[in-house]
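Undergrad: Note that the protein sequences, when read in sequence, are chains A and B. Each number in our numbering comes from the position in the first sequence (counting from 1) with 7 added on. Each number in our numbering comes from the position in the second sequence (counting from 1) with 2 added on.
Treat each hint with caution, since some may be false.
[What the hints assert, rightly or not] Going by beta-carbon spacing under 10 Å, a handful of chain A positions derived as facing chain B:
hint, residue
1, Arg106
2, Asp163
3, Leu167
4, Met204
5, Thr214
6, Val220
7, Pro221
8, Glu222
9, Met223
10, Lys229
Hints are computed from structural coordinates only; laboratory data are not their basis. Nothing here was measured: the structure is a model prediction, and the numbers come from that model. For glycine and all other residues, C-beta sits at the position ideal for the given N, C-alpha and C.
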Amino acid sequence: MGKRVGLEVSLAVAEAVKLANVDVVSAYPITPQTHIVEELSVYVANGELDAEFIPVESEHSAMSAALGAVAAGARVYTATASQGLALMHEILFIVSGMRMPMVMTVANRALSAPISIWNDHGDIMAERDIGWVQIFAENGQEALDLTICAFKIAEDKRVLLPMIVNIDGFTLSHVIEPVIIPDHAEVDAFLPPYTPMLKLDTENPVTFGPVGVPEMYTEARKQLEQAIIGSKPVVEEVLAGFGAAFDRHYKLVEQNGKPGAKTRFVTMGSLGETCMTAVDELIAEGQDAGQTRIRLWRPFPEEEFLAACAGAEKLIVIDRALSPGAVCGPVASELKSLFYGRPDAPEIVNLVAGLGGRDVTVREFKEMFAMAVSGKLSGNYMMWGVESHAS
Amino acid sequence: MSKQSIMAWEDLALGAAILKPGNAKELRTGDWRSLKPTVDEEKCIKCALCAMYCPEFCISVNAEGFYHPDFYFCKGCGVCANECPKEAITMGKEGE
Numbered sequence: 008m009g010k011r012v013g014l015e016v017s018l019a020v021a022e023a024v025k026l027a028n029v030d031v032v033s034a035y036p037i038t039p040q041t042h043i044v045e046e047l048s049v050y051v052a053n054g055e056l057d058a059e060f061i062p063v064e065s066e067h068s069a070m071s072a073a074l075g076a077v078a079a080g081a082r083v084y085t086a087t088a089s090q091g092l093a094l095m096h097e098i099l100f101i102v103s104g105m106r107m108p109m110v111m112t113v114a115n116r117a118l119s120a121p122i123s124i125w126n127d128h129g130d131i132m133a134e135r136d137i138g139w140v141q142i143f144a145e146n147g148q149e150a151l152d153l154t155i156c157a158f159k160i161a162e163d164k165r166v167l168l169p170m171i172v173n174i175d176g177f178t179l180s181h182v183i184e185p186v187i188i189p190d191h192a193e194v195d196a197f198l199p200p201y202t203p204m205l206k207l208d209t210e211n212p213v214t215f216g217p218v219g220v221p222e223m224y225t226e227a228r229k230q231l232e233q234a235i236i237g238s239k240p241v242v243e244e245v246l247a248g249f250g251a252a253f254d255r256h257y258k259l260v261e262q263n264g265k266p267g268a269k270t271r272f273v274t275m276g277s278l279g280e281t282c283m284t285a286v287d288e289l290i291a292e293g294q295d296a297g298q299t300r301i302r303l304w305r306p307f308p309e310e311e312f313l314a315a316c317a318g319a320e321k322l323i324v325i326d327r328a329l330s331p332g333a334v335c336g337p338v339a340s341e342l343k344s345l346f347y348g349r350p351d352a353p354e355i356v357n358l359v360a361g362l363g364g365r366d367v368t369v370r371e372f373k374e375m376f377a378m379a380v381s382g383k384l385s386g387n388y389m390m391w392g393v394e395s396h397a398s
Numbered sequence: 003m004s005k006q007s008i009m010a011w012e013d014l015a016l017g018a019a020i021l022k023p024g025n026a027k028e029l030r031t032g033d034w035r036s037l038k039p040t041v042d043e044e045k046c047i048k049c050a051l052c053a054m055y056c057p058e059f060c061i062s063v064n065a066e067g068f069y070h071p072d073f074y075f076c077k078g079c080g081v082c083a084n085e086c087p088k089e090a091i092t093m094g095k096e097g098e
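Go ahead and model the full structure; you've got the sequences and the hints to work with.
TA: Put into structure tokens, the structure is as follows:
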């Protein structure tokens, strides 16, 4: 039934990758992801993990080598963050367009300039449209569990897409948490070996990534669109299967606080757990507070989100990324699109908070709630906690 | 809606892969042509430079030893006309 240990979350993710019996790890170190691939390189060097570790010269190469390996039929893993993810940018589209399943951890970190090694979601929000399945973990156990699930989701014949597991940099990656590490046999029973539909094979030659002339590029993108839309029930099924096997249960969207609360926070990632404490305290103080936590970001779980916000009159959407010059933050933008024209649409207020490692505390969440309830949060969005001579 | 596609999305292979090796020879690149080469056999010395330079490899020798393009593939790029040492190939507008 696994063993419960105190472990840095990065090392827990590395354990998950080892338990998944990957064939190839292609990676370049970057804070705050480095501990994951460093640990994996140790496993490979020690013979604990029978895999090829490809130490490349950049993240562009890391993703390119990963793509080549998965095209050859390997189970492939990599990890990155921030500038590294940005450097992978062009290859990320190629991996999904070619329908190559692989798993990548992104230890979310702010983008330069100014240089910040600390956490926010600016890196992944810049990669919103890459066509990868994208999920967010809130804690260490979830980071480990979702990593195992990600291989099963990505490799499912109904999906065949790459998948990113987002873990907040430092807040998760560098924190020692109690985690249950499953037994290898249990994981083997849950996660079968990868059998590719198509692979590079001299006996049966195929061409991956040919030219897409105007007469078929749109159809190729339609295939990708259908694959990612169709991945949602598979994500749900795999998470349910994981729950049945390991008794740890994950939904696409979670809710907590008062059911049907009129004012709800919307969070994604580890800030959700801080917010949960604030919601508990608000309820104890007699407030009508709730919270909806987005786990699956791409494909966006529309029905599940709507159900998890039923009865809400006001949503306080926390965006951990600034979209400069946009109407609002990326998560709020998504939700406004979702609710547009719906008679039950709640008012959406949007706070851009927690940039570049700035803490958002329980007290601050409660301040946000008080401001939202008293109508002091208006406009399309507000950058939270900015020091200014004007305030 | 005017039809501009060559196939339904459901019929594309996974990731738009090509499953049949060597099928580039079925691609009618001649559709791209706006200029068309004409060979003047009076000037041609049968040196075969046009065939060697042709980026589409579509110029072949006929029974009389002259070199002519296959218009299924010829894109009308004009490399042959440019390389011909005897100016035996002229590029005219397609359809004229």
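Undergrad: If a hint holds in the structure, say so; if it doesn't, say that too.
TA: These are the hints, each one checked on the structure:
1. Arg106: Result: holds, 4 Å to nearest chain B Cβ.
2. Asp163: violated (13 Å)
3. Leu167: holds (7 Å)
4. Met204: holds (6 Å)
5. Thr214: holds (4 Å)
6. Val220: holds (8 Å)
7. Pro221: This interface hint holds because 7 Å falls under the 10 Å limit.
8. Glu222: holds (4 Å)
9. Met223: Constraint on Met223(A) satisfied, holds at 6 Å.
10. Lys229: holds (4 Å)
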